[in-house]
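*Asks:* Chain by chain, the residues run as shown.
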Amino acid sequence: MSDRKTLQVQRISGHPGPVAGAGMQREEQVCKLIDTTTCIGCKACEVACVEWNDMPFQPTMFDNTYQTMPDTHWNYWNLIKFNEVTNEDGTFQWLMRKHQCMHCADPGCLAACPADGAIVQYRNGIVDFQEENCIGCQFCVSGCPFNVPKFSPTTKKVYKCTLCSDRVGQGLEPACIKACPTGCLHFGTKSDMLMLAEKRVKQLQTVSGFKEAGTYDPQTIGGTSVVYVLHDASNPEKYGGLPKNPRIPLSFTIWKNWFKPIGLIASMMAFAGVILHYVTEGPRRPQPQPPVKEVDGGEGKKEN
Amino acid sequence: MATSSQRFDRSTNHFINRIGLTVVYVGELLRHRAYTRFLHWAYGIFFFLALLSGFGIYMPWIFRWFTPLFGGGAMTRMLHPWFGLGFVFFFGLQAFNWAAAMKWGQGDTRWMKRLRDYVTNRDTIEPPDVGFFNGGQKLMFWEIVGGSIAYVITGVIMWFPEIFGRIAVAISYVIHDISALIMLAGIFIHIYLSTIGEPGTMQAMTRGTVSEAWAWTHHPAWYKQVTGRDPAEALAEARRTQARSSGDQSNQ
Amino acid sequence: MTNGWVDIKNTDMMLIMGGNPAENHPCGFKWVIEAKRNRDAKIVVVDPRFTRTASVADQFLQIRAGSDIAFLGGLINYALANNRFNHEYLVNYTNAAFIVKEGFKLPEDGLYSGYDATARTYDKSTWNYEEVGAGAHASDTHSHAVQSSPVPPPTLPPNVAYDLSLQHPRCVFQLLKQQYSRYTPEMVERITGIPRERAIKAWETFTSIRQNGDMKKAGTIIYAVGWTQHSSGTQTIRTAAMIQLLLGNVGRAGGGVNALRGHSNIQGATDMAGIFDILPGYLKMPVPADTDLKTYLTRTTPKASKPKEWDSFNYWSNTPAFTVSLLKALYGDAATKENDFAFNWLPKIDRKYSWAEIWDDMYNGKVKAMMAFGMNGVMIGPNAKKNIEALKKADFLVVCEIYPDETSEFWRAPGTTPEEMAKINTTVYRLPGAGFAEKDGTFVNSARWLQWKWAAVPPPGDCRLDQEILARIFLKIRGKYQQEGGKLPDPILKASWNYTNPNNPSLAEVAKELNGKALADVTDPKTNTTIKADQQLPGFAFLRDDGSTMSGNWLYCGSWTEAGAMIQRRDPADPSGLGIHANWAWSWPMNRRVMYNRASCDLNGKPWDPDRKQIWWSEAKQKWAGNDVPDFKPDSDPKSHMGPFIMNPEGVGRLFVPIGAVADGPFPEHYEPTESLIANPLHPSQSNNPIAKRFKSDMDKYGTPDQGYNIICTTYRLTEHYHYWTKNNPMNVQLVPEPFVEIPAELADQMGLRGGEKVKVTSARADYIAKAMVTKRIKPMMVDGKKTYQIGIPIHWGYRGIAEDAGKTAKTPANYLSPAAIDPNAYTPEFKGFLVKLERV
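Residue numbers (numbering that gives the first Met the number 0), protein chains in the order written: chain A, 0 to 303; chain B, 0 to 251; chain C, 0 to 840.
Just chain A, with the same shape it has in the complex (with noise of 0.2 Å):
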């Protein structure tokens, strides 16, 4: 990841034509992997994330939660889920899940977004939004199946996690994976790194006994740059709502994509049917119609 082409543009939302630069480099998407099952909750990703992006601070309620906030928030973009978890066999766990954008290879932000440029993704798999294109439609907000996009009254933009595209883009990784003590949080290649997650998952498996431990890659949506651990991956739901099949809702799939183009032209056969009946039936003029002139030249005079 050590050179700026990882951050070359791959999409761009309601952008026409084809994306310069395209085919030009062998494809490496970076990832990033967050073994939940090694988390422990301290928050140093919070902080770096707040600190790298210059965020304001901003008051906090006591929620009867360890979780610093409900959820993320526009300039919040790296909150830790906190969850207390009775299982059905009566073991219990406090889940700690480090929420923030996924980084979908199919972005259902991008998919909605309706701005030229607000949200692009890189070739190497990071979903930017570009601030100065965004229009604050929060079109994305609704595409995003996890809840991610957070839109600013202030500025009337949204943001999100960039995958700290800027310190990648220099060959460093994001500040969350810096900051983590643990080494919870790695980053690389996404084929190192889903072998990292299943060598981990091996491990939980045999050695710590979850049986259901799995890696959290959701094909609903073409995989993600954000890859978790989870001890249970046939319930991520409990780890603070991750859904187990992430959707893209269709109107902003089959719906933007398909039947747009086909309602506009739809419309547009409005147009030239009222042409066409303007050429075939030709006006309805009030009655009774003025006699026609004969004029010399005129195609009505007729020649003795």
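These are calculated hints, taken from the structure and not from any lab test. There may be inaccurate statements among the hints.
[Unchecked claim] Mimicking DSS-like on lysine-lysine, the simulated pairs with C-alpha atoms at most 30 Å apart in a straight line are:
1) C:Lys392 x A:Lys237
2) C:Lys493 x C:Lys531
3) C:Lys612 x A:Lys198
4) A:Lys237 x C:Lys778
5) C:Lys200 x A:Lys210
6) C:Lys525 x C:Lys620
7) C:Lys104 x C:Lys283
8) C:Lys525 x C:Lys392
9) C:Lys347 x C:Lys392
10) C:Lys200 x A:Lys198
11) C:Lys452 x A:Lys177
Starting from the known structure of chain A, arrange chains B and C on it as the hints suggest.
*Replies:* Using the frame of chain A, we list chains B and C on its own:
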């Protein structure tokens, strides 16, 4: 029987009429008084503002050149709901204004059944039961009423997604679009019919008057109502007059 | 830590108890995770609360606060009964085979032999080894000693009787068995509230590394102040040490007894005599009976005490060299052979001057003034309200801080009326100190590494470095003594103060002084190397007792040598892969990363685990060699049978601690916390630690269940905050905005209490109000047949800070609640496991 427009003339509408009273020349009939015309053009303008600003959001990869007209994407996004509200507000007033005139009747149903004849210009003049508005106009009116309600509900949901949630927005998004597409189709027909499709119509929304000929041709029942003359007879009379005058000309 | 942070990655098994490293030592916790990930190591967590550490554990056991010894005693019992120890290690590296003096009695009734009920002290003369051939006369010596007055302190016999078969009824091993046979799973369940099958499973898991005595694997015990802060705190830690000796885990990579120090430099403070009864380098403090240096050295220098056939390095025999070098560092040229190296200028302690005693003395009008540097005095001690009252009686108070703190504003503690404030005559001087990032210097971490740090930013405004403030005060006082004279002026007038800038000594100069230098040419006869006068010493082997060397702290000798500042090294290389990182900073003693590492080898000097070779005996070189620095006499042939625990006069590890080196008994015994819901199931008539100190002032009250104090309360810290500082930092306040009380969900249901509602916690001393955090992470437990609830309070808030100043919190310090009951060895107060009432507000 007084039309609704006449009722408004007498009640709430003095202000507008004071600014520009409609001048009706001989051979013309008062079609839309100034208030009605004002409303029409007011929501007409807002409709196009909303439409054009909406285009940029609807399908930016084709229509992104619309957004600079409104000061860029963010401004477009900010203005669009206000344009929409402007449209809905003035159209709402018009809806009250026209509510009685737009009441659906038996004749409208019959008109709808004869739609094919209408489109193919089979009849020289409309059947005698076509009143102030024909069935097609009423249909469009009520479509806009329904569409406006849909706009407002879905628009507000999309305006404040944090309140209504992601699924509501996703559904609203589609309904809003469908509503817009129907209206877009409608506006083509509307403009066509009010300009080159039916010459003489435009004047009704500019000066507020139409020719008597226009009236007995397109809205015979209304003609009869405001003049007391039978439209068919009026037409026959006009034809006779026309034939006489053309004969005079040729004799000279 | 006997080992080090990085070394945890070498372990196969972890018992984390009395500590919450995931929350309070998150950076060091990476090594726990490494071991888990790379070695399939298991984690057993025992804690009163399900903590963030517990969330990554393989097993979690909820224990009643203050019953740790019972659980650990049960573990010893389990290990002994299931052959989970290695005979070779046990017999040769511990005092298991040593025979204990006749007359020694185990505490079946809660008391060891020699208890004096009126003085609440022990006569420790029977707590000793039997001398070879002296068995019959032992009691005679004792009775003789009693007649003469004063009683000379008991000493260890030079020639200890022993039984390698471990069968002698009075050998340490048999006594150990007898002592802990009482800690049956049933008894442990009654005391700790841990269901016996879960306890057995945990014991089985932890001791599984020593199945049938196989030495391949190693297990570590990790703890923090959750063990220390009890009236039997030292004994709890002793129990852990005994377990590790029994299992053969001490001295080994991935083993050891590992104390996690809470502050960034608490280890350094302890090394530098942050406690009243030691001098730098853990030399003993002189007492009034030490009339001259010789008397002092005779008292404090141990003599080897071991089986005749064995060898013992007895490193503390160098005490005279360490002491004289220290005196030379303190008083320079003024310390001469003729004046006993100015020994008599050292203060002598006539009684205890521990933390709680100082405040008690101030409360009783004996201490008139206080200088508080780098600590928030009224917040950190127990029974904080009494401390605030004490300050009201003082003449003056000097506080050096970086924030306005509760100590310097004790006069505005909650509940103080304007009339009361008007009556307070204490003058408060507030000095603007510099923060840690604003000054150079060292931190000594838990792994004993001295790591130099450089100032990151200059101190703001008028803030000054601590050393400058201290130096200016010192020089001012010295000036006054010079002008006006005074009582015993010499220690002040003649103190060595040879710094380039006397008003602001550079810490590099101080560090060099601590390392020490030769004052005359010094030659090591074995290696024939000579250190010339004025050269930095390469290590404490060069320290001399004749005044030819000086060193401010013998343990730090070697940290700043002629080769440069070892403490500034930053080479992360680790060729052995054992996490030794020998060229990263410097650890005492002599850069050894694992202490007692001789014990990582068998009797013949071969590593127990060939995959984790720390040191080994090189037959070819006739020397100990290794990846780590051998913590041993380098040329001691294994055949000479020198014990690996060179700091003990026995040379072996102490399962049995003789002659009262631990004041409350040679073996740890479970005593109930000072405030307890039950009578001790082991011996109800002697429920508490008989020699733990309680205070007697009118503000020192201790609650009982009869008075309605029916809930156990423990105090702790959060990841998100650092003591009483970070409540002044918006980022930390954002993470956890206000104080709370963790309450078991079941108890809350009974009270009709919901999370976020305010509760009042009342102890016999004061009350505390905060919001309730209702959680499933604390469960009710059955203790001695009674349903018992525990609650927890994080300590980080007071009456100054962002939320406090904004009026958003209740403003009471958590330590209003805790009792001043102190451990008889370390004098640590019982911050954990006291009794309270709980009500809705």
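*Asks:* Look at each hint and say if it fits the structure.
*Replies:* The hints, checked one at a time:
{"no.": "1", "hint": "C:Lys392 x A:Lys237", "verdict": "violated, 56 Å"}
{"no.": "2", "hint": "C:Lys493 x C:Lys531", "verdict": "holds, 25 Å"}
{"no.": "3", "hint": "C:Lys612 x A:Lys198", "verdict": "holds, 27 Å"}
{"no.": "4", "hint": "A:Lys237 x C:Lys778", "verdict": "holds, 21 Å"}
{"no.": "5", "hint": "C:Lys200 x A:Lys210", "verdict": "holds, 20 Å"}
{"no.": "6", "hint": "C:Lys525 x C:Lys620", "verdict": "holds, 15 Å"}
{"no.": "7", "hint": "C:Lys104 x C:Lys283", "verdict": "holds, 29 Å"}
{"no.": "8", "hint": "C:Lys525 x C:Lys392", "verdict": "violated, 59 Å"}
{"no.": "9", "hint": "C:Lys347 x C:Lys392", "verdict": "holds, 26 Å"}
{"no.": "10", "hint": "C:Lys200 x A:Lys198", "verdict": "holds, 27 Å"}
{"no.": "11", "hint": "C:Lys452 x A:Lys177", "verdict": "holds, 21 Å"}
Of the numbered hints stated above, those contradicted by the structure are hints 1, 8, listed in ascending order.
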